[in-house]
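Turn these sequences into a full structure, and let the hints guide you.
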Amino acid sequence: MGKLYEMLKEDYRIKEGLKTCINCGTCTAICPAAEFYRYDPRKIVDTVQRGNDSDIEELLKSDVIWYCGECMSCVTRCPRKNGPGLVIMALRNLSAKLGYFVHSEKGRQLYPLTKIMTGNILNYGYCVHPDTFKWEDHVESGPVWKWHTEHLEDNFARLGANFRGEGPGVLRKIPQESLDELKSIFDVTGGTERMNAVEKFSEEKAREMGMSIEEYFTYTFGHCSEGHLNEE
Amino acid sequence: MIYQGKQKIWSEYQKEIPDDKWFYVRSCIRQNFFPASERMFMEICRDILKKDFYETEHHTTCGGIAYHCDTIPQETAMTIVARQFALMTEAGYENYVASCITSFGNYTEILQTWEEFPELETRIREMLWKACRKEFDKPKYLAHASDLIYKYRNLIAEKAKFRLVNKETGEPLRVVEHIGCHYAKMFPSKGVGGAEYPYVLAGMIEAWGGNVIDYPERRHCCGYGFRQYHVKANRGYSISNTHKKFESMEPYRPDMIITNCPGCPYFLDRWQYVIAEMEGKTYGKDGFGIPVFTYEEVAGLVLGYNPWDLGLQLHQVAVEPLLDKIGISYNPQEKYKGLDSKDIMRPGLPQNLKCF
Ligand code: SF4
Ligand code: SF4
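In order, the protein sequences belong to chains F and U.
Those letters in the first sequence? Residues 705 to 936, by this note's numbering.
Those letters in the second sequence? Residues -15 to 340, by this note's numbering.
Don't read these hints as lab results, they were simulated from the structure.
Be aware that a few hints might be false.
As the list claims (entries may be wrong) - Heads up, simulated DSBU-like pairs for lysine-lysine below, C-alpha to C-alpha not over 35 Å straight-line:
#  : chain 1 : residue 1 : chain 2 : residue 2
1  : U       : Lys(-1)   : F       : Lys719
2  : F       : Lys785    : U       : Lys(-1)
3  : F       : Lys850    : U       : Lys265
4  : F       : Lys877    : U       : Lys34
5  : U       : Lys326    : F       : Lys850
6  : U       : Lys216    : F       : Lys765
7  : U       : Lys114    : F       : Lys887
8  : U       : Lys114    : F       : Lys819
9  : U       : Lys5      : U       : Lys124
10 : U       : Lys118    : F       : Lys801
11 : F       : Lys904    : U       : Lys216
12 : F       : Lys877    : U       : Lys5
13 : U       : Lys124    : F       : Lys719
14 : U       : Lys321    : U       : Lys338
15 : F       : Lys713    : U       : Lys124
16 : F       : Lys850    : U       : Lys118
17 : F       : Lys765    : U       : Lys228
18 : U       : Lys216    : F       : Lys747
19 : F       : Lys713    : U       : Lys122
20 : F       : Lys801    : F       : Lys838
21 : U       : Lys338    : F       : Lys838
22 : F       : Lys838    : U       : Lys321
23 : F       : Lys719    : U       : Lys338
24 : F       : Lys819    : U       : Lys118
25 : F       : Lys719    : U       : Lys321
26 : U       : Lys122    : F       : Lys785
Written as structure tokens, this is what we have:
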């Protein structure tokens, strides 16, 4: 039982989500990610419970841990009350912390994700906000959404939202003092430290790949190599 | 009364939901994509049913999406939630209702983890104090907003102007219900009806006259997958899972779909559009899709609200065939108008998916 295993065991999601796995494969049978990706949650849970550090390190540096959709369907089904989805969250957390995520294509996506999500939270107080949800990045939202994004103020007013307004209501402007509190929570709880770590490791990786950090963002956000899917 | 089979299982998962006095928190995704649904929720609870629902402008995201995209540590997510609880405490409320399923799952998981590991709760309390000088009581009762509409379903039925019935044939509409994964898959006892036979939407459908369809992939995820949608390169995961659901429900010829999750109605609606454009395949009749609704939109429709006040013009799948089936009248000229009928142009039309 090595150092990485000990670090994982500190995570409350492992304390909650890893009892004893009997390798029955029920989680894999129910898993939407396993249907699409070359992914087998049973194997991941088993690798972690065996506690071999070099296997765990390989896992932390691999694409595999980033295939899960965190739907938690596996939690309902596991006959031994494990939570493979929770085990995955702990693995991803450690991979982010140690900078191992930059070793895999799916792991490197943590950079654009972190920029988008934490940017929205700290600047707006929302995880998703119309100012940053660009139609060009979301053509699947259809022609109706293209039209909507061109008429945001009018549509939100028509539907009784309080878009960018004072006071309560849909998409209100969250008061600055509340945004300041969120920032303070990030500083105190390790959120800011995590953002900085992801940024630092990603900048190093971008340099190694010969890209500016902006190019790296675009590339990691949009590029998908062959070899991830079952049907390839 | 002797319960058997499914009914027996449902009876074990009934929640005693308080009737009144709620602290309401909004959903990031729903505010963006279904702004009128949250407005409708407040209108039903406050104006029609005269209940006390309080909202403060100081509440924020619960951080749930960022947490499930693995971009913030667990302590950060927990402390954001602790701050929300502090706002509830300051306002003098004890019942907490979340509009979002990801939030509801997040809150449930956090309260459960604190129960199991009290030292973690203590640490979060210290962090919240350090960051915001705030303290909190935990909610006495935690609900998802759909639990409340479920609770009030018969009151809504009493005031209904329409039923989920085909006006030509008199037959109940065939309705697919889709429950967001984080509603009860992690903690089945926290959802009405549990994880296997959730009754929260089925109860509304039955009370309002429809028939619930059971189909093989009924419990399959809509395919959101957090990072599997927010990162462009991963969206094949999302559409593949939606596709699987539609292929599975197609033989049962659903008239409509009702959901209780923020993301699911968006994905089930938009991926139908993409499947139609990519493959030429549509799941409704005559080139239309199967319309997908939030539970508030359906409540609003049965109560007789104007479909365009409910925001149904922001769906990509046309809702008109369903409105016609029920006999709900609407003005097609008003569909894409702004406030006071202001002309704000209209969206382009998809190539394959039939729309108005
Ligand atoms: S369902 Fe549970 S016991 Fe079975 S393989 Fe998965 S984690 Fe192990
Ligand atoms: S949480 Fe992850 S591992 Fe579990 S069923 Fe969902 S996608 Fe599969």
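Discussion item. Check the hint pairing Lys114 of chain U with Lys819 of chain F against an upper bound of 35 Å on the C-alpha distance.
Written reply: With Cα atoms ~25 Å apart, Lys114 of chain U and Lys819 of chain F stay inside 35 Å; holds.
Worksheet entry | Given pair status - Lys321 of chain U, Lys719 of chain F, alpha carbons within 35 Å | violated, 53 Å
Item to complete: For the pair we were handed, Lys765 of chain F and Lys228 of chain U, check the Cα-Cα distance against 35 Å.
Response: Measuring from Cα to Cα gives roughly 31 Å; hence the hint holds.
Worksheet item: Does the alpha-carbon distance linking Lys785 of chain F and Lys(-1) of chain U stay inside the 35 Å limit?
Response: Satisfied, since the Cα-Cα distance of roughly 23 Å is no more than 35 Å.
Worksheet item: Does the structure keep Lys338 of chain U and Lys838 of chain F at a Cα separation of 35 Å or less?
Response: holds, 25 Å
Worksheet item: If you draw a straight line from the CA of Lys216 of chain U to the CA of Lys747 of chain F, is it 35 Å or shorter?
Response: Answer holds: Lys216 of chain U to Lys747 of chain F is near 27 Å, not above 35 Å.
Worksheet item: Quick one, are Lys122 of chain U and Lys785 of chain F close enough, alpha carbons at most 35 Å?
Response: Given pair Lys122 of chain U, Lys785 of chain F holds - Cα atoms ~26 Å apart, limit 35 Å.
Worksheet item: Between Lys877 of chain F and Lys5 of chain U, is the straight-line Cα distance small enough, at 35 Å or below?
Response: holds, 25 Å
Discussion item. Hint check: Lys850 of chain F vs Lys265 of chain U, CA-CA at most 35 Å. Holds or violated?
Written reply: holds, 22 Å
Worksheet item: CA of Lys713 of chain F to CA of Lys124 of chain U, is that 35 Å or under?
Response: Measuring from Cα to Cα gives roughly 31 Å; hence the hint holds.
Item to complete: For the pair supplied as a hint, Lys321 of chain U and Lys338 of chain U, confirm whether the alpha-carbon distance does not exceed 35 Å.
Response: holds, 20 Å
Discussion item. Lys838 of chain F and Lys321 of chain U were given as a pair; does the straight-line alpha-carbon distance stay at or below 35 Å?
Written reply: holds, 22 Å
Hint check: violations occur at hints 16, 23 and 25; the rest are consistent with the structure.
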